[in-house]
Amino acid sequence: MSLEASVRLTQGPLDLDMELAIGEDEVVALLGPNGAGKTTLLRAVAGLVPFNSGHVSLDGHVLEDAATGRYVPTERRPIGFVFQDYLLFPHLNVLDNVAFGLRSRGMSRGAATEKAVQWLDRVGLKSYAGAKPAELSGGQRQRVALARALAPDPRLLLLDEPLAALDVTTRADVRRDLKRHLASFQGIRLVVTHDPLEAVALADRLIVMEKGHLVQTGTPAEVTERPRSQYVADLVGVNLLRGEADHGSVRIPGGPVVATAGAESGEVFAMIHPRAVALHHTRPEGSPRNVWRGRASNIELMGNRVRVRIDAEVPLVAEVTPSAVKELDLVEGGEVWLSFKATDVGVYPA
Amino acid sequence: MRRERVPIVVLIPAAIGAAFFIVPLVGLIVRSPWHDAVAALTAPETVEALKLSLVASLSATAVGLILGVPLAWVYARAEFPGRDLLRALTTLPMVLPPVVGGIALLLAFGRRGLLGSWLDSTFGITLPFTTAGVVMAETFVAMPFLILTVEAGLRSMDRRYEEAARALGASRWRVFTRVTLPLIAPSLFAGAVLCWARALGEFGATITFAGNFPGVTQTMPLAVYLVLETNQEASFILSLVLLLISLVVLVGLRHRWLGSA
Amino acid sequence: MRRRVLLLIVAAGFLPACGSGGGTASSSPSSASLSGFIHVFAAASLTASFNALGISFHQANPGVGVDFNFAGTPTLVTQIEQGAPADVFASADTTNMDKLSADGYAGGTSKVFARNQLEIVVAPGNPKAITGLADLAKPGVIYITEAPSVPAGKYSLQALASAGVKVTPKSLETSVTAVISKIELGEADAGIVYATDIKAAGSKVQGVDIPAASNVIATYPLVTVKGTKSADMANSFINYVLSSTGQSTLATFGFLPAA
Chain L
781 MSLEASVRLT
791 QGPLDLDMEL
801 AIGEDEVVAL
811 LGPNGAGKTT
821 LLRAVAGLVP
831 FNSGHVSLDG
841 HVLEDAATGR
851 YVPTERRPIG
861 FVFQDYLLFP
871 HLNVLDNVAF
881 GLRSRGMSRG
891 AATEKAVQWL
901 DRVGLKSYAG
911 AKPAELSGGQ
921 RQRVALARAL
931 APDPRLLLLD
941 EPLAALDVTT
951 RADVRRDLKR
961 HLASFQGIRL
971 VVTHDPLEAV
981 ALADRLIVME
991 KGHLVQTGTP
1001 AEVTERPRSQ
1011 YVADLVGVNL
1021 LRGEADHGSV
1031 RIPGGPVVAT
1041 AGAESGEVFA
1051 MIHPRAVALH
1061 HTRPEGSPRN
1071 VWRGRASNIE
1081 LMGNRVRVRI
1091 DAEVPLVAEV
1101 TPSAVKELDL
1111 VEGGEVWLSF
1121 KATDVGVYPA
Chain A
286 MRRERVPIVV
296 LIPAAIGAAF
306 FIVPLVGLIV
316 RSPWHDAVAA
326 LTAPETVEAL
336 KLSLVASLSA
346 TAVGLILGVP
356 LAWVYARAEF
366 PGRDLLRALT
376 TLPMVLPPVV
386 GGIALLLAFG
396 RRGLLGSWLD
406 STFGITLPFT
416 TAGVVMAETF
426 VAMPFLILTV
436 EAGLRSMDRR
446 YEEAARALGA
456 SRWRVFTRVT
466 LPLIAPSLFA
476 GAVLCWARAL
486 GEFGATITFA
496 GNFPGVTQTM
506 PLAVYLVLET
516 NQEASFILSL
526 VLLLISLVVL
536 VGLRHRWLGS
546 A
Chain W
552 MRRRVLLLIV
562 AAGFLPACGS
572 GGGTASSSPS
582 SASLSGFIHV
592 FAAASLTASF
602 NALGISFHQA
612 NPGVGVDFNF
622 AGTPTLVTQI
632 EQGAPADVFA
642 SADTTNMDKL
652 SADGYAGGTS
662 KVFARNQLEI
672 VVAPGNPKAI
682 TGLADLAKPG
692 VIYITEAPSV
702 PAGKYSLQAL
712 ASAGVKVTPK
722 SLETSVTAVI
732 SKIELGEADA
742 GIVYATDIKA
752 AGSKVQGVDI
762 PAASNVIATY
772 PLVTVKGTKS
782 ADMANSFINY
792 VLSSTGQSTL
802 ATFGFLPAA
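Chains as they are written, first to last, in my numbering: chain L, 781 to 1130; chain A, 286 to 546; chain W, 552 to 810.
No lab work stands behind these hints, which were simulated from the structure alone. Any given hint could turn out to be false.
[What the hints assert, rightly or not] Derived DSS-like pairs: lysine-lysine, alpha-carbon spacing no greater than 30 angstroms straight-line:
{"no.": "1", "chain 1": "L", "residue 1": "Lys906", "chain 2": "L", "residue 2": "Lys895"}
{"no.": "2", "chain 1": "W", "residue 1": "Lys777", "chain 2": "W", "residue 2": "Lys689"}
{"no.": "3", "chain 1": "W", "residue 1": "Lys679", "chain 2": "W", "residue 2": "Lys755"}
{"no.": "4", "chain 1": "A", "residue 1": "Lys336", "chain 2": "W", "residue 2": "Lys705"}
{"no.": "5", "chain 1": "W", "residue 1": "Lys777", "chain 2": "A", "residue 2": "Lys336"}
{"no.": "6", "chain 1": "W", "residue 1": "Lys777", "chain 2": "W", "residue 2": "Lys662"}
[Claimed, not checked] Reference listing, derived: stretches of chain A covered by chain L, where coverage requires no fewer than 3 residues with Cβ under 8 angstroms from a Cβ of chain L:
{"no.": "7", "stretch": "424–435"}
{"no.": "8", "stretch": "462–470"}
Backbone N, C-alpha and C define an ideal beta-carbon position, used for all residues, glycine too.
Please take these sequences and the hints and turn them into a complete structure.
Next up, the structure:
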């Protein structure tokens, strides 16, 4: 069974136009920069945001349809929602928080308590049943929020930036637990995140969004190996160009022609890994087909590598060793030549 | 623990402000004839007035809650043309002189009033000169305090908790009773206390609309006023009673009131 | 409830002859040798008549401004005893005047300046057909009166007692003015007030006589207040009220003569 949604709405500066088709055999992550509309889309699926046109249907049942006016209120949708700030009810203790969804759906107090205790046990917080949310740490609250959302056995699990509120040290542990719970959940799982590490760790499939629109979708490997947007390219840390290919060259609009080794034609992406970009003091001679002159605009030490951003025909990032930087006498604002081989350019259809 | 020193610019006006309230109260305590206190307090008229005051003010608070919370909800959550005007109208009693409020009530609910004449002719119900009339007068002047406080509470609460509850399957009513109300409990409480205190002290609207008769409509403020004319010193004692009741309530509930309002 | 009427203040500096002396008791208004201000605290039932007296007194004594404070008599006594600035006190009964005296606030011996009698007040047209005190106890009649601490209230109890009528009022108002207002508004059907009040209310209310046998005559005394800084002007005002001019003015308002 699956979730099918197509949502078009406007909220302030955001124009959202997205389609989703998610089965229960995959964990899907909505990835994108802030303001991309990921959370809005999630909330629209939950029925918390009205949309101009489109529909949402779960397991074949129409939950919302702008055309017919059908609208199943949020409280009657079989969903579990984990909010970014968890939103545990401050006036209820942990047990009552977890039992809330069960009680709301008509379960008796005794049965609800029993089930809530089971869930608390599963997340390892049974002994905290009587505590108030304010007494728990961030990681503990996240687990309670998850248990609360899962306890009523929802068909659709929606998580909004589930790890964003945690500090870095807690995050890794919680992510592991979350992955485990997601794996054992039998239903449709949709996670929203702006953290690529989180997306790659948790999801079987990524949906990349920017400015309310779909940019790229695929497995984490597919997305990272073949980024289709500057955003993903930046996340992965590669150079991405887009242009018109013509059997061995790619013309960048308003810019240079990049020599490539392929036979592609048509609109393409050209990806160059920073490691493949070499820096020179003077104009280099040799086999590399792509030689540009530029100015070093940013030099950043990252561990035992240095990332240098060059403003050339188009801006590119090169990755070299610190000793290379010293040898080249490279400073920010300084002139430098760069080169990369045609064979190092990954070209794929746009 | 280092305590922050109060700047002199703040201290002087604050001290004057405090004195403004404390001196009259001290005056009342000092001038009261304590030897006659027991007699004044146990006199049947006093007991009757006290009972009536408590019953009426608590009833007015109850009515205030039943009618005021929905109104506050409408003001905080609903959008419709004329909402601001409506809110202004229902807040008017706060700035209206109480006697004017009493006259307005007469013109509406008195024997010849807009609604009152209909009530009289259809059901034979008259509201002036009845205890119900006292409750109405007190509610009229006191409810706006409750509405404003609760509205502020509703506006300032994090509405995402309501979304969380809905996402867990709670019906709108359940969201309201199990999530919204508990979250605004401090404002609700503060509003009720303010409403009660205002109702307890109400004089002008009460005497104008409901009249004054021991046991039926003579509340403590009215009793104090009339006793003032015959037995000045006894009136001091009665005033102190009102004062002490209010003080006990306000001090005793200070933590809950100021805690998280 | 209280009505303050501020008459014109004439700056003393504009007057030809300024002086604080002179102006003792006589049967005609005194000369313009007095100047200043007096505060007269008078019972509510004296509102209309004393306003008129104030105007004519000022016309006769252009240098003197008269400021009135009308309220229920007991209220006035409280105010005076708590230090309110009064120069003349006009009471609606002797009990309150005696209290003021006994408490040491009277500036001299009080003098009776008028008398009043009670009358039943009803709505115009007398819709409930009240013909006498006995009708006040009729079922369906809403009867209100003043609180017993107000002279009129005390008298109404006496009148009812001497007529042998048992009736419980629906409300005990704090002044005759309040009673009349409620009759005018139609909230109550009948009340007992002074004859002068009914006259003052004009066509807004109607009166029903109380026979002399059960009626109560109220005696109105007035006095200067002890410690007044305007004793001469205060006495001048009192003398004016007691003069034939003053007395005839009072008569036009329905008061019975002082003696």
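Now the hints, each set against the structure:
1. L:Lys906 to L:Lys895: Holds, because 12 angstroms separates the two Cα atoms, which is no more than 30 angstroms.
2. W:Lys777 to W:Lys689: 47 angstroms, violated
3. W:Lys679 to W:Lys755: 16 angstroms, holds
4. A:Lys336 to W:Lys705: Measuring from Cα to Cα gives roughly 26 angstroms; hence the hint holds.
5. W:Lys777 to A:Lys336: 41 angstroms, violated
6. W:Lys777 to W:Lys662: 15 angstroms, holds
7. 424–435: The restraint on the stretch 424–435 of chain A is violated, since only 0 of its residues have a Cβ under 8 angstroms from chain L and three are required.
8. 462–470: n = 5 at 8 angstroms, threshold three: holds.
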